Structures are given as structure tokens and as C-alpha cells.
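Make the full structure from the sequences, and use the hints.
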Amino acid sequence: LSSQLQVNVHTCNQFDIKQIKSKQAKDPVIQKKVKEIQQNSTRGSFVLHEGLLYKLMPMELRNITKIKLIYIPSSMINSLLKAYHSDPLGGHFGIRRTYYKLKNKYWWPDMKQSIARFIKFCLPCQQYNVSRSKRPGLLCPIETSTGPFQLIGIDYCGAFKRTSRENQYVLCITDYFTR
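The sequence shown begins at 1320 in our numbering and counts up by one.
To be clear, the hints were calculated from the coordinates, so they are not data collected in a lab. One thing to keep in mind: the hints can contain errors.
[Unchecked claim] Restraint ranges, calculated between C-beta atoms of paired labels, are given here:
(1) THR1384 - ASN1359: 18 to 26 Å
(2) ASN1448 - SER1394: 23 to 31 Å
(3) ASN1423 - ASN1397: 18 to 26 Å
(4) SER1393 - ILE1414: 17 to 25 Å
(5) ASP1406 - LYS1439: 12 to 20 Å
(6) LYS1431 - ILE1473: 47 to 55 Å
(7) TYR1495 - GLN1432: 45 to 53 Å
(8) ASN1423 - GLU1462: 55 to 63 Å
[Unchecked claim] With a cut-off of at most 25 Å between alpha-carbon atoms, the simulated PhoX-like pairs for lysine-lysine come out as follows:
(9) LYS1351 - LYS1385
(10) LYS1422 - LYS1340
(11) LYS1352 - LYS1342
(12) LYS1385 - LYS1424
(13) LYS1401 - LYS1337
(14) LYS1387 - LYS1337
(15) LYS1387 - LYS1351
(16) LYS1420 - LYS1342
(17) LYS1340 - LYS1352
(18) LYS1337 - LYS1424
(19) LYS1340 - LYS1420
(20) LYS1385 - LYS1352
(21) LYS1337 - LYS1422
(22) LYS1424 - LYS1351
(23) LYS1431 - LYS1351
(24) LYS1401 - LYS1354
(25) LYS1337 - LYS1385
(26) LYS1342 - LYS1387
(27) LYS1345 - LYS1422
(28) LYS1337 - LYS1352
(29) LYS1385 - LYS1431
(30) LYS1401 - LYS1345
All of these numbers come straight from a predicted model, not from anything done at the bench. Yeah, the Cβ is synthetic: ideal placement off N, Cα and C, and Gly gets one too.
What follows is the structure in C-alpha cells.
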């Protein structure tokens, strides 16, 4: 029975390197970076490897070892975010989890902000992620009075320790003009 078991794995989060290369070739910001690297061979935070531009990032804080992250052209950011967030295998996770899924493979300028913006406008997330904070009440301004006893506020305070007459509440009346 187990020898007949066939497993098909479909991963939607892999982007074709050829596709990324062709989009990088058309991106003016990336092409400017490529020219800088070709003219100045000193090591910076970007590297060109087999025609693909990478961002060099330290693996951990204060670590000398750096990993190569593919520089995603601006024309591919939305499709990448759609694959990692909105796809059925993406999970519609929040900003932090989506960022952690992407940060070890890809890089682009203002990455966290664009992820936050994408998720903020994700319709299923807006519909199903109910705000857990208490909604503010509807506030109505109180009109100002022009004389005494035109506008008063009444409230009660208590329960306090019972008095000899068995009273335990205090009626508070405030004139909004004289206070």
C-alpha cells in the first residue's frame, strides 16, 4: 500500500530566475546599480552574480557571514507579495510573518513598508481580521449655556457605606455654566 503512495508537492512561492533576470534588465533603478558595480569593483552591499543582482545582508547581527538576497524589481513586488500572502498556500499572515517568509530569499527598497501597505489593502484580511481594540464611542459636543441652570448634568455615585438613614448613593448635579 505505501509503495503505491504518490506525493505531489506544488510550491507556488518559487519565482523563475530567468523571469527575475529579464525584469531586472528592464528596471532602471537596478540597471543603475549594476552599472555602479561594473564601474567600481570594490565590494559594497550589492553583488552581481551570473547576471542577477543580489543584496548582501548579514545573517545575524554583528555577523561577518553574509547571505545573498535576490533584488526584486519594482514590477514584480506585487506578484511576489500576492504569492507569499494571498495565495492559498500563503496563509494571509500578517506583516511580520509575511516579512519573515520573504527576508531570507528576497530584498527590495522599503520592503517592510510595501508589505505593510499590501496587507493593509488586502480585501480578505480586511473582511476577516476584526480589530481587537475597543471601538471609540460616538462623541457629541455639549452646547455651551449662556446662563445658570440652562444646562445641568446629573449623575449618581456609589454604592458607599450605608449611613444611619440607610443611604448609600450620592446624587451629583452640576450646572454647566457655573460649575
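Hint check results:
{"no.": "1", "hint": "THR1384 - ASN1359: 18 to 26 Å", "verdict": "holds, 23 Å"}
{"no.": "2", "hint": "ASN1448 - SER1394: 23 to 31 Å", "verdict": "holds, 28 Å"}
{"no.": "3", "hint": "ASN1423 - ASN1397: 18 to 26 Å", "verdict": "holds, 20 Å"}
{"no.": "4", "hint": "SER1393 - ILE1414: 17 to 25 Å", "verdict": "holds, 19 Å"}
{"no.": "5", "hint": "ASP1406 - LYS1439: 12 to 20 Å", "verdict": "holds, 18 Å"}
{"no.": "6", "hint": "LYS1431 - ILE1473: 47 to 55 Å", "verdict": "holds, 52 Å"}
{"no.": "7", "hint": "TYR1495 - GLN1432: 45 to 53 Å", "verdict": "holds, 47 Å"}
{"no.": "8", "hint": "ASN1423 - GLU1462: 55 to 63 Å", "verdict": "holds, 60 Å"}
{"no.": "9", "hint": "LYS1351 - LYS1385", "verdict": "holds, 23 Å"}
{"no.": "10", "hint": "LYS1422 - LYS1340", "verdict": "holds, 19 Å"}
{"no.": "11", "hint": "LYS1352 - LYS1342", "verdict": "holds, 14 Å"}
{"no.": "12", "hint": "LYS1385 - LYS1424", "verdict": "holds, 12 Å"}
{"no.": "13", "hint": "LYS1401 - LYS1337", "verdict": "holds, 19 Å"}
{"no.": "14", "hint": "LYS1387 - LYS1337", "verdict": "holds, 17 Å"}
{"no.": "15", "hint": "LYS1387 - LYS1351", "verdict": "holds, 19 Å"}
{"no.": "16", "hint": "LYS1420 - LYS1342", "verdict": "holds, 22 Å"}
{"no.": "17", "hint": "LYS1340 - LYS1352", "verdict": "holds, 14 Å"}
{"no.": "18", "hint": "LYS1337 - LYS1424", "verdict": "holds, 16 Å"}
{"no.": "19", "hint": "LYS1340 - LYS1420", "verdict": "holds, 21 Å"}
{"no.": "20", "hint": "LYS1385 - LYS1352", "verdict": "holds, 19 Å"}
{"no.": "21", "hint": "LYS1337 - LYS1422", "verdict": "holds, 20 Å"}
{"no.": "22", "hint": "LYS1424 - LYS1351", "verdict": "holds, 22 Å"}
{"no.": "23", "hint": "LYS1431 - LYS1351", "verdict": "holds, 23 Å"}
{"no.": "24", "hint": "LYS1401 - LYS1354", "verdict": "violated, 30 Å"}
{"no.": "25", "hint": "LYS1337 - LYS1385", "verdict": "holds, 24 Å"}
{"no.": "26", "hint": "LYS1342 - LYS1387", "verdict": "holds, 18 Å"}
{"no.": "27", "hint": "LYS1345 - LYS1422", "verdict": "holds, 23 Å"}
{"no.": "28", "hint": "LYS1337 - LYS1352", "verdict": "holds, 19 Å"}
{"no.": "29", "hint": "LYS1385 - LYS1431", "verdict": "holds, 20 Å"}
{"no.": "30", "hint": "LYS1401 - LYS1345", "verdict": "holds, 21 Å"}
The structure fails to meet hint 24 from the earlier list, while all remaining hints are met.
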